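Chemist: Chain by chain, the residues:
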Amino acid sequence: MTAIRLPRQSSRDNQDETISFFWNNKKLKARKGDSISSALLSNKFQIIGRSFKYHRARGVTSAGVEEAGALVTTGKGAYTEPNVRASTTELSEGLFVYSQNAWPSVRFDIGSILNLFGRFFAAGFYYKTFMGKIFTGKIFRGIPPLEWGRGTGIWMFFEKFIRKAAGLGTASRLADPDSYEHLHTHTDILVIGSGPAGIQSAIQAAQTGKEVLLVEQDYAIGGTYLSWPDKSEFKTQISKLNKQNITILTRTTAFGLYDDTTIGLVEFICPEERAQKPLKPRQRFHICRAESVILATGALERNYAFVNNDLPGIMTVSSARTYLNRYQLLVGSNIVISTNNDSAYEAGLELEQAGATVTILESREQIGELLLQQISGRRINLYLGSAVAKANHGVFSPCVKQIVMARKTSDGWRQSGSLSCDCLLVSAGWSPVIHLASHQGCPIEWNKENACFISSGDDKSIFFAGSAAGIWQFEDCIQSAPQVARKTKKAQKQSSIIGGWHTDIEPLYEICVPAIKGKAFIDPQHDVTASDVRLAHQEGFISVEHLKRYTTLGMATDQGKMGNIIGLALMADALNRPISDVGVTRFRPPYTSISLGALAGAHRQSHFKPIRRTPFHNWSLANNGVMIDAGLWHRPWYYPKQGENLQDAYIREATITRRSLGICDVSSLGKIMIQGPDSTIFLNRIYTNPFAKLAVGKARYGIILREDGMVFDDGTTWRLSENSYLMTTTTNHAAAVMARLEELLQTRWPELRVHVTSITDQWAGCAIAGPNSRNLLSEIVDDPSEISNETLPFMGVKQVLLQTIPCYIARISFSGERAFEVYIPSDYSHAMMQFIWNKAQMFESCLYGLEALGTMRIEKGHVTGAEIDGRVTIEDIGLGKMASQNKDFVGSALRNREMLTSPNRPQLVGIFPKDKHKKFSAGALLNEAGKTKGHPLGWITAVTHSPALGHWIALGFIEGGLTAVEDKHIVLSDELRSIFLDVEIVSPHMYDPEGTRLHG
Amino acid sequence: MIQISCPFCGKRDHSEFSYGGDGQINYPSLDASQETWHDAVFLRENIYGRQIETWQHLYGCRSWLLVERDTRTHEIFSVKLAHADWQKMMEENR
Ligand SMILES: [Zn+2]
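Chains as they are written, first to last, in our numbering: chain A, 1 to 1000; chain B, 1 to 94.
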């Protein structure tokens, strides 16, 4: 096949506008408006790529989204995009286009040697070979995929070689330099597809006063109109369309239909526009909401299975028509058309008119009078009852050169001679594009007369118009539009408007002739052949869902748009059942592949999730703080001095805090105001320990359980007045605790007069810890007598004036030292911190971050999220005494379940290495010596180097707790890091167990 | 991509809401037996069809809602405030 470029028919069509592009780095010329396919064809390139598995030469097979052969890579470097359909991608000035899956070149591909070994690569080859028993020394039999686990080591070994040989394009490993946008688009009626039915539907809908959005995946509006030789009808319709107030988006694919008539649209921005305005996004992802959606999505022409049906030079009939009338490309001069339906004749007549010799192989024994009249007197040979049995390529070219004909006989198809040709066009019927309706689960039925699946939507908000509804003739398609328009107004119930051909189609899925052997493809993108389907049937994979997964039929980038029905038909034939019984696999979004960039939109890198900064953030940065992500928060991690690394810094910070004074940002703790006359009752119900008698000006540590009795969260709650409390939560659970309190108050106990308000962001908090903490406070409060040990004892809370600003000071300690938490209105945080820090210079003092905070809490055995992981009871973390026996609270009933009260449950312990110089990591397992296989006795949750103790220590859980393992030899094993140690299990309160340091 | 009509805020995308759970469970009082609590917390219907469920308008007014939804089609039939008194006030003021 050598395509011939024809002159443009209309002088107004910018005849001379040529653009240049690069094919495998060679500069070529094309016409403006060309697709990559038409540009390559006009430059006489027929072999575009190599196939997935067998490395067979592949050329242009279509002019649309069903393209299975012409996949290319566009762009260079970070702009590389693999597996681009050449047929639907518009050529832009200077575009780089590359062939795929071929080395050293598409014409001479070393991998094509795999083709010679094709019979070894049948369906299930990989499973059988690498997962099956063949490599485990036993006889190969059975159902290999179910033997996962066996031989997988072999697979792992060979995988990298196979992945290299099989496959399509290669994605860039560089970050995507383009930007993408998300939009929320709203409309009354969304019309998808701008062919005759789509345009007419949009006009009709707009005339009723509805807001209409018309989307078209192509870069030009018009659909089928673009493939017509006569444009007058199209121009009339376009002028009618333009008179209406309709929004039109081209280059926009409706890729998925979701609940509530939500449609996912991806809009490509015109390359020319982006060339001028580089800051424009590459694509826009629209979440479109519509009252109704009209699917005028058209139909895709099918081919059928015959030997070598994948040779370059074989394409669908309609695509030849598109290349002729849209791109002025005559795809061959000696053309054979093989068809089973009326649609191919128009194309045949036009191709003959354009100068080609045309031979039509018609699989039906007779055709309508009208068609016969039309072709009489033209250079068109017609063979009735004929089809193609095999295509042959030339001696030096992999392109189609000759076909072997088959003739229908009473015994089936028989070989009947051959024809030479330079192009073979195939039409084995049309498949309406029902994908979007299938996404939403609309019923899909096999329509026998038209040999295709059709759907009639859901009769509520999803409607079909035109050939997407199985309506083939132009006039019928136009007629379908007003009917749909009435239905969208709910004025009319469903009525079937199938408009078929003059003469019925005759199903044609495969031509099999005795003595002709070879590969007949049904999914050329994934190299699935007709015999693969029969093999699957033989091996018992008879459900279509199994067939799909076993053969990978329809799982390539085109999702089997052309081949799926052939596969189903062959399976139906093997089962000796009608296609309607075999059914169809449900289509899933996206209809055509979409980039991850479009889905991510602006939510990338630092915009992936919101960042929460504490009020002290900038102050910490200015004081050399290094930040760490803690959920959404950025929290100070450590404050290195010159030359210090993390470990140096946190050890210094913890040491100075225990020796003298340290200051830490604790603003990220959740803070919830609980107000109202029933606040005390409320707290008494949600906390395990009693809150009824907490005095004003006092704080209490409390634990909240879930209803199932597991620990949910912990924190201190301060009674600020008779009817108001300040609850603090862990940083991690702040939002969940807030939602939980609201749920209890609104759904469970609406009678309680309590109001909860999150004030986390309104108050900054800092911990002032260490023996000198009170001395520092004395320097900063207006009246030092307010904070003496008598006026502010342990767990005391007080509102004080700092520099005339009302702040709260609570005497609570997470570090185990004498310590205070100072809460400051956020607006004053920066100045107040500077003020406090200046005063702290009177003492040996430091700022400490999350790492030192963690070290000190591990030394003290205080639990955090690492221990409260949703699987522990209050007893497991050693706080059983905090569960009141004298009241009922959330979780009190279920926490007493048998397995939750077992003394053998893993309980919180401290862990020392026997050899005090040894280091280890969280996640390591604890076992009895000699029993290191199987289920462990316990595990490590948190590890630190303890400056106070001078060696590495850990918190963890072990079955039965400290008492159960006192006389056992426990070993720690960390298989991943190859660390194996003897350890000593100790009380979790590893430092100052009596708590003398925090009193006084 | 369902939308929920919050009685306070109007029709909003479901991404503003967080799902709670079955809205028809009669939670026992805190002093009820372990068995009663066990049944309420663990024995749940997996409803195929219409169910009333709780949602919170998390990124809106933070109301807990009772939403009647078809689990097969995601069609929503009614949305009420879970707090019975508030719902009554809404209805009276309508
Ligand atoms: Zn709301």
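Heads up, a few of these hints could be off.
Covered by chain A, per the in silico footprint, the following chain B stretches (three or more residues, Cβ under 8 angstroms) [to be verified]:
no.: 1; region: 46 to 53
no.: 2; region: 77 to 85
Partial selection, computed: residues in chain A whose CB lies under 8 angstroms from chain B [as the list claims (entries may be wrong)]:
no.: 3; residue: Tyr258
no.: 4; residue: Ile681
no.: 5; residue: Arg685
no.: 6; residue: Glu743
no.: 7; residue: Arg748
no.: 8; residue: Leu752
no.: 9; residue: Gln841
no.: 10; residue: Asn886
no.: 11; residue: Ser892
no.: 12; residue: Ala893
no.: 13; residue: Arg897
Note that these hints are calculated values from the structure, not bench results. All values derive from a computational prediction rather than experimental measurement. Even for Gly, the Cβ is constructed at its ideal location relative to N, Cα and C.
Chemist: If a hint holds in the structure, say so; if it does not, say that too.
Modeler: How the hints compare with the structure:
| no. | hint | verdict |
| --- | --- | --- |
| 1 | 46 to 53 | violated (count 0) |
| 2 | 77 to 85 | holds (count 5) |
| 3 | Tyr258 | holds, 5 angstroms |
| 4 | Ile681 | violated, 11 angstroms |
| 5 | Arg685 | holds, 6 angstroms |
| 6 | Glu743 | holds, 6 angstroms |
| 7 | Arg748 | holds, 6 angstroms |
| 8 | Leu752 | violated, 11 angstroms |
| 9 | Gln841 | violated, 44 angstroms |
| 10 | Asn886 | violated, 12 angstroms |
| 11 | Ser892 | holds, 7 angstroms |
| 12 | Ala893 | holds, 4 angstroms |
| 13 | Arg897 | holds, 7 angstroms |
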